[in-house]
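Engineer: The chain contents come next:
2 protein chains.
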Amino acid sequence: MEKEVRDSIIKLVENSRDAIVSSIDEAGYPNAKAMFRVKNEGLETFWFSTNTSSIRVSHWTKNSKASIYFLDSEGFHGLMLTGEMEICSDAETKLAFWKPGDEKYYSKGPTDPDYSILKFTAVKGNYYHGLRKYLFKIDEVKE
Amino acid sequence: MEKEVRDSIIKLVENSRDAIVSSIDEAGYPNAKAMFRVKNEGLETFWFSTNTSSIRVSHWTKNSKASIYFLDSEGFHGLMLTGEMEICSDAETKLAFWKPGDEKYYSKGPTDPDYSILKFTAVKGNYYHGLRKYLFKIDEVKE
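Each protein sequence line maps, in turn, to chains S and F.
Following the working numbering, the numbering of the first sequence begins with 1241 at its first residue and continues without gaps.
Following the working numbering, the numbering of the second sequence begins with 1241 at its first residue and continues without gaps.
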């Protein structure tokens, strides 16, 4: 992939507060929801925080297939990454991602059993800008 | 459903230029993409226009399961509707939805074989506002 395209993909991700994160529900329908982008490593790994009891966690427990989508609707840029979602409920990971203010969502603090970290690992991507489209495998955009 | 909640859902849809429209790809992954909201009838039926040759049309041809998602990220509102996507390629439907400027995407005009209309029929919905959540069947929000 050309450096210029890769740079504009990275910029889109870094400028996005939210990602649209998708799962497959128990009836086989795609489900989408905006989630805060907590942390990422390049285009390969992304972390989100969520309630362990949420509907979406139950989806990924049964079917790890997922996608995340970043959109700049004014600039007509969009990036979709497809891959696998893992639910991390170990104390170490949860503490590492804990931020002041998270107690608004997880009242019992970083050990709250209803607090989990989601780890998304991308396999391939689809980026468009205007009418141009770029399909790629994650290996092609690694640093 | 309370009138106040229904009204705020309708307002979210009417204020959204785009919807995030999702399909299931051939490998079983959820795929998402922003599309212009062309027309809707209440919360039950939504139309979009697309290239017949697009990857997403091939997904829905094989698996009609779909969702559409409207987001007001600043106001922390989101609406997801799940249902079925139908591809309309008949001349009458295509002409009815044709708008000046569409030739940018479909160079041969309203009869362009690469121009199709997507018709989404919702079955159920999931609306959240802040930390409140409302799950509903479409029958409950019909006018």
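Keep in mind the hints are simulated off the structure, nothing from the lab.
Don't take each hint at face value.
As the list makes no split between identical chains, a pair holds if one copy fits it or if it spans any two.
[What the hints assert, rightly or not] Listed next, the in silico BS3-like pairs over lysine-lysine satisfying Cα-Cα at most 27 Å (straight line):
| no. | residue 1 | residue 2 |
| --- | --- | --- |
| 1 | K1302 | K1373 |
| 2 | K1251 | K1382 |
| 3 | K1348 | K1279 |
| 4 | K1344 | K1373 |
| 5 | K1339 | K1373 |
| 6 | K1364 | K1339 |
| 7 | K1377 | K1339 |
| 8 | K1373 | K1348 |
| 9 | K1251 | K1377 |
| 10 | K1377 | K1302 |
Engineer: Treating 27 Å as the Cα threshold, decide for K1373 and K1348: within, between, both or neither.
Structural biologist: Close across copies (21 Å), not inside one copy (45 Å); limit 27 Å.
Engineer: Is the C-alpha distance from K1344 to K1373 at most 27 Å within one copy, between copies, in both cases, or in neither?
Structural biologist: between (40 Å within a copy, 16 Å between copies)
Engineer: For K1251 and K1377, with the copy left unspecified, which applies at a CA distance of at most 27 Å: within, between, both, or neither?
Structural biologist: Cα proximity of K1251 and K1377: one copy only (18 Å, versus 39 Å across).
Engineer: Since the copies are identical, ignore which copy is meant and state whether K1348 and K1279 lie within 27 Å (CA to CA) inside a copy, between copies, both or neither.
Structural biologist: within (22 Å within a copy, 45 Å between copies)
Engineer: Could you place K1302 and K1373 in one of the four classes (within, between, both, neither) given a Cα distance threshold of 27 Å?
Structural biologist: between (32 Å within a copy, 23 Å between copies)
Engineer: Tell me, please, which holds for K1377 and K1339 at an alpha-carbon limit of 27 Å: within, between, both or neither?
Structural biologist: neither (32 Å within a copy, 36 Å between copies)
Engineer: If the cutoff is 27 Å on CA atoms, where do K1251 and K1382 land: within, between, both or neither? Let me know, please.
Structural biologist: For K1251 and K1382, only the intra-copy Cα distance (15 Å) is at most 27 Å; the inter-copy one is 42 Å.
Engineer: What label fits K1339 with K1373 when the C-alpha limit is 27 Å: within, between, both, or neither?
Structural biologist: between (37 Å within a copy, 24 Å between copies)
Engineer: Have a look at K1377 and K1302 and pick one of within, between, both or neither, based on CA distance no larger than 27 Å.
Structural biologist: Both. Shortest intra-copy (25 Å) and inter-copy (24 Å) distances satisfy the 27 Å Cα cut-off.
Engineer: Should K1364 paired with K1339 be assigned to within, between, both, or neither, using CA atoms and 27 Å as the limit?
Structural biologist: neither (30 Å within a copy, 35 Å between copies)
Taken one by one, the earlier hints fail for this structure at numbers 6 and 7, listed in ascending order.
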